[in-house]
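These protein sequence lines map, in sequence, to chains A and B.
Take the first sequence: its letter number 176 is residue 176 in the UniProt record's numbering, and every next letter is one higher.
Take the second sequence: its letter number 119 is residue 119 in the UniProt record's numbering, and every next letter is one higher.
Honestly, the hints are just simulated from the structure, not real lab data.
Please read all numbers here as calculations on a predicted model, not as lab measurements.
Take the hints with a grain of salt, since some may be wrong.
With beta-carbon atoms standing in for the labels, derived distance ranges [unchecked claim]:
| # | chain 1 | residue 1 | chain 2 | residue 2 | range |
| --- | --- | --- | --- | --- | --- |
| 1 | B | 283 | A | 163 | 53 to 61 Å |
| 2 | A | 88 | B | 95 | 46 to 54 Å |
| 3 | A | 212 | B | 138 | 22 to 30 Å |
| 4 | B | 134 | A | 79 | 53 to 61 Å |
| 5 | B | 84 | A | 190 | 57 to 65 Å |
| 6 | A | 190 | B | 141 | 50 to 58 Å |
| 7 | A | 101 | B | 162 | 46 to 54 Å |
Stretch by stretch, here's where chain B covers chain A in the computed footprint (C-beta under 8 Å, at least three residues) [what the hints assert, rightly or not]:
| # | segment |
| --- | --- |
| 8 | 137 to 150 |
| 9 | 256 to 268 |
| 10 | 406 to 420 |
Each residue gets a CB set at the ideal place from its N, CA and C atoms; glycine is no exception.
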Amino acid sequence: MSPAIDRTSFSLPLSRRGFLRAAGGTALAAAAGGALTACGGDDDQGSATKELSLVYMGTAEEQAAWNKLFAKFTEKHPEIKLKAEGVPGPGWGEFFNKLSTRLAGGQVPDVIQVATEGQRLFASKGLLAPLDDYIAKDQAVIDEYYADLDPNLIEWNKKYSSTDGKTYYLPGEFNTMCMWYSKDLFAKAGVPEPTARWTWDDFRTACEQIKAKTGAFGYAAGPEYFAAIMPWLLTNGTSSFSDDWSTPTLNDAKAIEAAEFNRALVADKLSPPPGGQFDAPTALAQGKLAMFGGGRWPIISIRNLKAQTRTGIVPWPTKVEQGSPVGWNGYPIMKASKKKDDAWTFVKFLISAEGSSFFAQLGGTIVPARKSIANSKSFLDNAPKGTESLYQALSYATPIPSPDKGTAVQKAIEDGWKQVLTGNASPADALGKAQTALEGLV
Amino acid sequence: MTAQRRDWLPGYLFISPALLLFLVFVAAPLVGAFGLSLFHWDLLSTPEFAGLDNFRQLVTDEATVRAVINTFVFALSSVVTHIGLGMLLALGVHRTMTRGTKYFVRTAYFFPFLVSWAAVALIWKYVLDPTFGLATHYLQELGLPVTNWLASPTWALPTLIVVDWWHTIGYTFIILLAGLQTVPAQLHEAARVDGANAWWRFWSVTLPVMSPTIFFATVITFIGAFQIFDPMLIMTNGGPDGATRSIVMYTYEKGFQSFEVGYAAALSLVLFGVIMVATGLQFRLSRRWVHQ
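Whole structure, please, built from the sequences with the hints as guidance.
Next up, the structure:
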């Protein structure tokens with residue numbers, strides 16, 4: 001996809017300036033240079049000040065939770081001042097786009113938050129500092145951390161987030177996908193609550209009976225890549241890409257079958273039509289919807305709606321095998337950072353038992369990477385029955401396929417799937433078209 | 001010669017603030033965009049010289065062609081409808097209303113234009129929601145067929161055109177109303193004395209006097225319509241199946257989603273060219289119908 005990268009001489013601000021000069025001639029460089037210094041003048045400020053800077057995805061609301069975590073960190077390390085900035089976005093793709101634009105503009109933070117969807121992208125561009133030396137130095141800390149993780153998480157992190165054998169990320173908190181359901185509606189319709197090994201047929205029958213008895217929608221089908229497409233592909237024994245993310249497989253028979261299954265839910269009015277503003281957690285709490293797919297994140301809405309005890313979580317229904325997508329956080333240190341040691345101290349704090357336990361209580365939208373904390377009260381209390389299924393899903397999950405052009409890939413997949421759901425195109429046509437688009441992107 | 005230069009100098013000094021702004025914010029980015037369009041650049045790695053690759057890709061890229069067509073459909077239909085409907089509104093308000101209602105109606109029509117596109121797009125997304133939207137509800141009450149407008153490749157673009165009326169027509173209306181108020185009453189009286197009926201008076205008095213105003217409104221609406229982006233991003237994300245992807249939307253996708261900055265720059269130059277040509281053509285044609 002991208003031109004060859006010269007890793008040794010890579011320096012963002014310099015190459016940008018040099019590039020502008022080359023591209024626009026001297027007149028432009030004079031004008032643009034002036035303009036850029038005027039508005040983007042903190043090129044060097046980030047490293048010159050004493051503050052350690054972190055950029056993460058989050059809204060102003062979430063900043064409050066992060067601030068508490070930072071306060072905890074400052075308590076232990078008063079010598080390090082931390083300045084964090086949340087960049088709000090509807091999804092990881094948008095977040096990475098904004099981050100890339102900032103980096104291209106010469107604003108380089110010390111530490112960034114990167115989910116699976118962007119890990120390979122950032123590592124492959126040579127923007128990150130390898131952590132191997134730090135890990136060797138603090139081997140005991142890392143060993144203790146890794147011993148508390150699901151081995152899958154460590155292995156995937158190694159396999160997918162680096163292309164040159166070096167370590168750029170420590171695997172952090174993650175999300176898997178399960179089915180959230182309304183216990184009330186299942187009871188009202190006289191349908192037994194789902195079990196861990198239920199099938200697509202069981203699922204469809206439950207939707208039909210609940211619709212017939214209560215008038216409520218069974219499931220909110222949608223075109224979201226992680227949350228509403230991948231679980232159906234994986235439980236049907238297929239995926240969007242081959243195992244190494246090099247070849248798209250969106251047009252295979254099993255993917256088409258999964259799309260047809262979802263289209264039937266919409267066509268038979270068991271699911272609201274997609275493309276609108278349907279709010280699944282609220283509809284579920286109001287008894288208008290029986291099921292929606294989710295990772296940990298719906299917990300915030302469910303708690304706000306006071307529906308924790310009326311809601312349950314089970315693994316996704318299966319056709320061929322159990323399956324769930326998984327994506328996890330990493331907190332890499334930027335190569336351009338001048339405070340790498342401080343940054344490492346902060347990263348170590350994030351993965352420490354104390355840091356992650358505290359975070360598990362605050363954050364709420366992700367599953368802690370540490371087994372001991374995911375199984376503790378701080379995570380399981382005040383949450384629907386079956387919340388532990390989210391951690392258990394790690395044993396059968398598949399990392400969300402995220403080639404370099406993640407945002408464009410996601411868009412092509414979601415566009416195609418939406419065409420199927422709305423009935424505008426046959427599954428084979430729509431996914432075939434999306435497949436062609438994907439082939440052009442990898 | 002020196003005397004002449006002495007005459008120039010104050011002139012240049014007077015325009016220098018505007019000239020500086022123009023150089024920094026218009027000319028330099030334009031030259032920059034042209035420079036960028038000659039490179040392959042993904043924001044993160046070192047740019048690579050590409051020659052005319054990006055422009056060659058433009059011609060063969062089906063999505064570009066589609067985006068250009070979408071943009072033309074949107075722009076032409078909005079110019080025609082904005083001028084037509086705006087004129088009807090302006091005539092209605094100008095002729096038939098009392099002073100008080102005139103103020104009220106004028107504000108009411110203009111008001112949506114003050115609301116930002118982002119808010120308008122979100123409101124209309126709720127109105128058009130296929131499950132609980134107001135539009136869906138009332139159409140069902142009336143027994144009319146209901147479509148999932150924004151998710152239908154056939155209806156998505158027309159829907160956006162209608163939403164654009166709601167948002168932007170007040171602006172065209174205000175311009176045209178102002179033009180209408182400049183038509184001298186004596187001309188109308190003279191025409192009436194000569195026995196011209198209402199239609200004839202409109203055709204041979206109102207329209208010619210208003211033609212510069214109509215011309216201005218046409219050019220402004222056209223340029224605005226060519227740059228349409230917000231409702232596409234918020235309401236349909238360019239979909240379904242590329243049916244509402246405008247040139248600007250596609251530029252954004254390429255530049256900030258696929259990280260093909262050079263290609264995006266080439267696209268923005270295409271937009272620039274299209275607007276230049278279209279506006280130039282309008283000025284050219286205006287000689288035939290605009291009353292000087």
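Can you name, in rising order, the numbers of the hints this structure does not satisfy? 6, 7, 8, 9
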